[in-house]
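Q: Protein chains in written order, with our numbering: chain A, -13 to 724; chain B, 5 to 357.
Source of the hints: derived by calculation from the structure; they are not laboratory data.
Quick reminder that beta carbons are idealized off the backbone N, C-alpha and C, glycines included.
Do not rely on the hints blindly, as some may be mistaken.
Sample of chain A residues at the chain B side, in silico, Cβ under 10 Å [as the list claims (entries may be wrong)]:
#	residue
1	Asp36
2	Gly69
3	Arg70
4	Ser73
5	Asp74
6	Val76
7	Ile148
8	Leu291
9	Ser608
10	Asp611
11	Arg612
12	Ser617
13	Ser618
14	Thr620
15	Ser625
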Amino acid sequence: MRVSTTDKTSHPVLIFWILAGWVGYCLLPWYMVEDGLWSFEWLFDGYPFDEDYAPAAFLIGQGEKIWLSPLLIPLALPLLVLGRVKSDPVYSRILILSGTLGFGWLIAQGFSIGIRGFNYDWLGSLFGDIRLRQFGMGYGAMICATAFLFLLTQGIAARGAINGDVFVVSAIGGVITIVTAFVFFPIAKMLFAAFVTEDGAYSISVFFAKFFDDRLWGLGCLWGARCGAAWNSLFLAIMVGFITTALGLAFALVVTRSGFRYKRALRALTVLPIITPPFVIGLALILLFGLSGTVTQFVAELFDLTPTRWLYGMPGVLIAQTLAFTPIAFLVLIGVVEGVSPSMEEAAQTLRANRWQTFKTVSLPLMRPGLANAFLLGFIESMADFGNPLVLGGNFDVLSTEIFFAIVGAQYDQGRAAVLAIVLLFFTLSAFYAQRMWLGKKSYTTVTGKGDSGVHPLMPKGLAIPVMVVALGWALFTAAVYAMIIYGSVVELWGVNNSLTFKHYVTAFSVRFEEEGIRWTGAAWDSFWTTITIAAIAAPLTAAVGLVTAYLLTRQSFAGKNAFEFGTMLSFAIPGTVIGVSYILAFNVPPIEITGTGVILVISFIFRNMPVGVRAGIASMSQLDRSLDESSLTLGANSWQTFRRVILPLLRPAILAALVYSFVRAMTAISAVIFLVSAKYDMATSYIIGRVENNDYGLAIAYSTTLIFVMLAVVGAMQLIVGRTQIGRRMSQSRTNV
Amino acid sequence: MTIQSKAAPVRFDGVSKVFGKDVRAVDNIDLHVDAGKLVTLLGPSGCGKTTTLRMIAGLEMATSGKILIGDRDVTKLPATDRDVSMVFQSYALFPHMTVLENVMYGLTFSGFAKPEARSRALAGLDLVGLKGFDSRLPSELSGGQQQRVAVARALVLEPQVLLFDEPLSNLDAKLRRQVREDIRAIQKDLGLTVVYVTHDQEEALAVSDEIVVMRNAAIAQMGTPRQLYDAPNDRFVADFIGEANLLPCEILSVDGDMAIIEIEGYRHTLPSRGLPTGPATIAVRPSRLVIDSGDGVPATVAKATYVGVRMEYTLTGKFGQVFAVHDNVDTPLEPGTEVRMGFAAKGPVLLPE
């Protein structure tokens, strides 16, 4: 009954994209509309003839921006193939030609002609000094570019790539394009910025001068002076990596291999880093150990000592980061420790090894790659952390904060920021590379999906006691820190006036009910609603990009798949501060001119959090048997229909997890955000940091507490819902890692 | 509403499949499956039989060669566009859809209106004996029922070719016989072209019109079950299809189609299969060994096992070791007994090697 699609001469998808191209060219405003993406004022304000709002076709009609006219050729070309069959070589050739020409021309003109005319001198001398200028791409240009991209992918598919599968080829093309535009392009732009001299020329010596700066590589701390930021960061990250791994292992062992009764409470620890904005730990530490901190005061009175500022610097940052990232190591190591097949340990025991020997000779060696993995994660997180060093760093300079001060401080030195970012990127990418290339092939975790009914043996006694003491001690400390956060939010003025008050909450979140409705009079509402809105827009997009990528990675094979995977996971290793700097360098000039808008925040969240969605997707997709897709294909569904009707419904829990996770991460993020916020779009985290810098701790902590509870509610609600969306037998095996 | 057949032949012309750089899963095979026939691909694991099946489905693309279904060249066509459906080893029922939705799934992509698709799906369920199960989830069915849903789902599309990938391997032994008979009955009633993969030779003998024995990415022999069983081409096929005792012998003389062979003085006449005189190998099925016929090769009973319906003996002698069965369970031979081992008049074959 099936009619092969290769014989058809009508192509609905093709027609759609041809139409989209023409609509983008003839109907929508070509350039960025000043008032923002959601404002449609332009419709009534001179459209379609006003130069600012006109579509490309009208601009050319009025003799303006004539360099857009060659686009008419690639727009018209695909009309020629409408009557042809897909297998006709002309079909694919014309589409590829049209897509390449259109997309290429769009990019070429976008980069050559900027706000002040030609961006490159040689172009100016070639064409003479004509007054050409244009702004960033708007609706029209974006839709046109998208149309050209998908015309190109349809052409490539028709040539037989990936069995001629239009959906898969388009998805690959789409992901590559957006990752290039929003990860590789800004990073490349930043690399170039490191070589720019003050008067705009390129020079290697500038780079070296900044690179070998003493503030970066100085070793002064060995003889009492200050060390460079690079050494500080490196040293801190290694320490944090080791300590968090050790603590994480202790927690994991207590949870999986001890008779400890309150394991569930310990597991709840893993949710903390997800819902806590990173710098909040730093704030709580100040309340405990700062100059007027509870513990400091108590000890000072007890031993009659003068309180010191020991917390501000290396010790404080180290403690804060250890508190913040131990749960991450714990999360990784639970999986590793549980993943060691019990039957291996049972085999060792039947071979007459006692518990300690089993642990030492079998369990621990099998966990080793996992331990290295946890170390590298702690290393990367510490390197990238921005909030804690900002709050607690004092004179202890680390790369991430130095980058920030190079950009926002009095020095405003883009080149220096770029150089610092390159150094930071080098460290994190090395760790990332090591993790993927060296550990990727060395996983001993032995869960095969086959029934493995053994039980993990308990830890040997000699190990159990110290491990329990360390883990429980640290858990209590964590609990104390979090209690401090809540308590601190209701204290009038910490260390000076310790009376209880809700004053800070009122200042932040007061509302007035008036006749016109509710008035949000609190100081925090603005940034709060912005944060929620931006996070809510970013979450579904992040999940979508992540899941499509995961689908391509698990279910399709194509040339260059490894590079594709590396590229998509790369943004995980790029610290937020680096993303922040590179985005303002890349996106404040045409063709993509979005600094100061909400769009740039949304985009930065999508690409910061995409690896989370990808990993969630990969984890649950590899639980779905491939024969499900294959049977759908042999039943006549194409790959898009299979994706939509079989894979997506089965992935519902993973989708929800990815949604919530990216939402929550968007709310707690600070490092990239702080560069990208503007007066109009301020985010909760950057607002709080601002309060901290003004020494307004009460408000900052009250706001943070509120955020923690909001996110706790979101995560809790998701756990409830995910618990219920278990479909059939197969799904009961899939876990969602939240 | 009845299910029709659009059975079409399948043709492989010099098809190869290479995975990665140099892993040859299928090496230059030619294969012809007649319309309306059930053909089994049989072989040990790793012989390329599943890859061959998946190339018919379009789930793997041939590296070289040509694949035709009916008159149409489908070599480059992806699974979606081929008129082929497949029953998977794991059944691959969609766990989030009911039985009816599962069976209707393919119909909705074939241009049927909903009511039409529904009545066709119900007819399919009826055919496999699952009337009234349509609103259940796959997880609420037993293994055998799931299997039948998978068959119904593939059948209702009235494909040109229906493929089975080891469909019985997840069923328990008793159910296997039943299901395999059901499959064969449906195939014969509807006149479907079926390609069936299995590694169980008994299953292959029971269901097939024709068996293709594969070894090391190539076809070892192709023929009806009888041909393969009675006249295997080589040691591999002889041993793989049913058990065979391979014995060295000497061809004394050839007279037309018949040859006289000799093992340790014992002579036997059988078809020559074009072999010249000289040393050769003879394959004898365990049931075709005649113990204590008076004439034969001297041997000793090494082991005797009672398995209910018959006796199984291991015999040793100068020729090595053979395996024989005997229907006489009432007066079994004791281990250590000296016997003479002869061949039945029909059955033993010379292996052309």
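Q: Does each hint fit the structure? Answer for all of them.
A: Verification of the supplied hints:
no. : hint   : verdict
1   : Asp36  : 48 Å, violated
2   : Gly69  : 20 Å, violated
3   : Arg70  : 17 Å, violated
4   : Ser73  : 8 Å, holds
5   : Asp74  : 14 Å, violated
6   : Val76  : 17 Å, violated
7   : Ile148 : 9 Å, holds
8   : Leu291 : 66 Å, violated
9   : Ser608 : 15 Å, violated
10  : Asp611 : 6 Å, holds
11  : Arg612 : 9 Å, holds
12  : Ser617 : 4 Å, holds
13  : Ser618 : 7 Å, holds
14  : Thr620 : 4 Å, holds
15  : Ser625 : 7 Å, holds
The structure is inconsistent with the numbered hints 1, 2, 3, 5, 6, 8 and 9, although it conforms to all the rest.
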